[in-house]
Amino acid sequence: MRYILRRLGFYLIAAWVSLTLNFFIPRLMPGDPASAMFARFKGMLNPEAMAAMREAFGFTDEPVYLQYWTYLSHLFQGDLGTSVVRFPEPVTEVIAESLWWTLLLAGSAVVIAFTLGTLLGIVASWQRGGWLDSIAPPALVFLGAFPYFWLAMLLLYGFGFVLGWFPLRSAYGDDVTPGFTLEFVGSVLTHMVLPGLTIVLASLGGWMLSMRNTMIGVLAEDYITMAQAKGLPQKRIMLHYAARNALLPNVTGVGMALGFVLSGSLLTEIVFSYPGQGYLLLQAVQNQDYPLMQGLFLAITFAVLAANWVVDITYVWLDPRTRVR
Amino acid sequence: MVETADEQRAPARRAPGFLSQLLRNRKASIGLAVVALITLLAILSPWIVRDPGAFLSIPLQPPSSEFWFGTTGQGQDVFAQTLYGARTSLWVGFLVGTVVVIIGTSVGVAAGYFGGAVDDVLTTLINVFLIMPGLPLAVVLAAYLPAGPLTLAFVLVVTGWSWHARVIRAQTLALRHKDFVNAAIVGGESHARIMFVEILPNMTSLIVSGFIGATVYAIGAQVGLEFLGLGDVSVVTWGTNLYWAANNQALLTESWWTIVPTGFGIAIVGFALVMINFAIDEVTNPRLKAEGAWNAKLEAARVKPGFSTPVLRKADG
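As you go down the protein sequences, you meet chains R and W in turn.
Using the working numbering, the letters of the first sequence map in sequence onto residues 1 to 325.
Using the working numbering, the letters of the second sequence map in sequence onto residues 326 to 642.
Any given hint could turn out to be false.
Stated by the list, open to error - Each computed DSBU-like pair below joins lysine-lysine, with the alpha-carbon atoms no more than 35 Å apart:
id : chain 1 : residue 1 : chain 2 : residue 2
1  : W       : Lys614    : R       : Lys230
2  : R       : Lys235    : W       : Lys622
3  : W       : Lys622    : W       : Lys352
4  : W       : Lys614    : R       : Lys235
5  : W       : Lys622    : R       : Lys230
6  : R       : Lys235    : W       : Lys352
7  : W       : Lys614    : W       : Lys352
8  : W       : Lys503    : W       : Lys614
9  : W       : Lys503    : W       : Lys352
Hints were generated in silico from the structure; no laboratory data involved.
Since the structure is predicted, the reported quantities are computational estimates derived from the model, not experimental observations.
Bound conformation, chain R alone:
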C-alpha cells in the first residue's frame, strides 16, 4: 500500500511538472507566441470573447505568478481554451470525444503485443538456440527499426489497397450507426485490425527480447535446478517457476515503454485517419491550433501517468514483497 501511495506521489509530481511545462513553453519561446496564437482567432471571435480567451489561458498583463494561478484554476475547471480547428468547441470536449478511440486502439495493441511477446520470449528462452530463438529476435528487431507510421503505410497499401481485405480509413464504417449493435462492434473491430497489427508488429520484438533475457537470468537460479531435480513437469517449471519471476522486471518495463509505444501509435492513427488523439494532433499541427496541441499534450501525458499507476498496482499484485514494505 505504501508503495502504491509513494508512486502516486511521484505521478502527482510528474503531472505538476507537465502542467508547468505546458504553462511556460509558450511564454519562453522567442517572439510573441501569445499574439501568434490569438492571431488565429482573428475574425472568428469578437473582442470580448478574445479577452475572455486570453484570460482563460492566463495571457494577461498580470505578473507571471498570477497568470500561473489563473491558468491552474482554469485547468481544474476543465477549461483548456477553444479549439481553432473545431471552432467554437472547447478543447476539452474535442479531446474527450477522441480519447476513447486512442485508448481502445493503443490499449488493446499494447496488451496483445505484451502478451504475445512475453509468450514468445518464454518459449525462445526455454529452447535456447532453437529455431524460434535464432530467427524471431533479429527479424522482429529489424521490423521494430522501421518507423511505426511507415509500417502502417505499407500494411495499408498491401492489405488495404492491393488486396482490399480491410477498410482504408476511420474507426468504423459510414454505413453503421454507433451503438451497442453487433454490426457496429464488428465494424469497429475490422477497422482496428490494420492499425493494431502495425503497433503489435513494431513493438513485439522489444517485449520478446526483454522477456527472453530476464528468463535466461532466472533459469540460472538454483531453484530452477532444484525444480528440475525434483522431476517436476517441464511446463510447470517453465510457467510457474521461471516465467512468473521473470515477468516482474518486464512489467516495470511496460510503464517505461508506454510513452514510446503511444507516440508510435499516434502516428499510426494518422496514416489510417483513425479518429483518435494522433489524428487530432495532426490537425492541430496543420492549423497551428496551439490550444488543442497543448491540451493534447496534457491529456496524453495524464493518460500515460494513469496507465503507469495501473501497471504499478498490477506489480504489487504480482510481487508479494512490495506488499510487505
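Fit chain W to the known structure of chain R by using the hints.
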C-alpha cells in the same frame, strides 16, 4: 598532485581492451561497416546523384534503369532523395546522440556521486522526463519554434536525455563506494576530477551504447516529427521524403517506390546501430559472454543446447 604509475596506465589499458574486443565481435563489425557505408554515401551524395530537388521527369514513374527508385509526385529522383535525405537525418541523429550523452552522463554521474538531496531531485527529474510521452511534448515544443533541423535536434534532446541519465546514475551508484573512489576522496581530489577522471572511464561501454541508443531514437523520432509536418519541408530529409510521399497520396496512386526506399534506409541504419549495441552487451555482460563461449563449445562438441544457463568455470582462471 603525484600520479602513480597505476593511475596513468589504468584507463589506457582499459579503453582499447573494450574497443578491440568490440571490433572482433561479428555483429559489431557488420553494424559498424553498414553505418559507415551509409554515412559515406550520404556525405558523397552531391557527387554521386542528381539534384534531389530538381523536377527531372514525368511524376510518379516506377523504378527504371534511368531512375533506379522511380520518381516522386513532382518528378524528382527518389534515389537522389533517399541518399540526400540521409545527410540531414544522420547528421541530426549523431548530433542529438552526442548532446544526449553529454547531458545524460553529467546528470547521471552527478546524481549518483553526490547522493542525498541532489540525487532525489535529479532522479525525480529523470523519472518525470522518462515517463512523459515524447511525441506530444516534442510536438508542442517544435510547433512554437522556427522549423528546421536544429529545432528538431533541440526538441529531441529535451525528450530523449533521461534514459541515458538513468543508466549512468545506476552505474555510478554501483561504483560510488568502490575503494578507488574512496581513495580519491581521501586523497583530496576535486569532485569534478573524481566524477570525470576516476569514475567516468569505467563506463566507456555504457556511454557508447547510450550514444547509439540516443542516435537511433533521434533518427526515428525526427522522421516522425517531420512526417507530421513539423520539420522544414523544403529540406530533403528522410522525414520530409515521407511527408511529401503522404501528401502526394503515395498510396492512392499506388506509388510504393516513393515510401519504400526511405523506410528501408531508416530501418537499415537503425538495425545496424542496434546490432552494435547488442555486441556491446555481449562483450561487456559476463553472462552473455559466458553464453557465447559455451555455445561455441557446444557447437564444437556437436551437443544440442539444454535448458539451463551454463556456468563456466575455467580451471586456469
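Pair hint outcome, Lys622(W) versus Lys352(W) [Cα-Cα no greater than 35 Å]: Holds: Lys622(W) and Lys352(W) sit about 19 Å apart, inside 35 Å.
Taken at face value, is the distance from the CA of Lys352(W) to the CA of Lys614(W) at most 35 Å? 14 Å, holds
With a cut-off of 35 Å on the C-alpha distance, tell me whether Lys503(W) and Lys352(W) pass. 33 Å, holds
Does Lys235(R) sit within 35 Å of Lys614(W), going by the straight-line distance between their CA atoms? 28 Å, holds
Given the hint that Lys235(R) pairs with Lys622(W), does the C-alpha gap stay at or below 35 Å? 28 Å, holds
Would you check the hint for Lys235(R) and Lys352(W), treating anything up to 35 Å between C-alpha atoms as holding? 33 Å, holds
Given pair status - Lys614(W), Lys503(W), alpha carbons within 35 Å: 24 Å, holds
Lys614(W) and Lys230(R) were given as a pair; does the straight-line alpha-carbon distance stay at or below 35 Å? It holds: about 30 Å lies between the C-alpha atoms, which stays within 35 Å.
Distance restraint between Lys622(W) and Lys230(R), which requires alpha-carbon spacing of 35 Å or less: 28 Å, holds
In summary, this structure violates none of the numbered hints.
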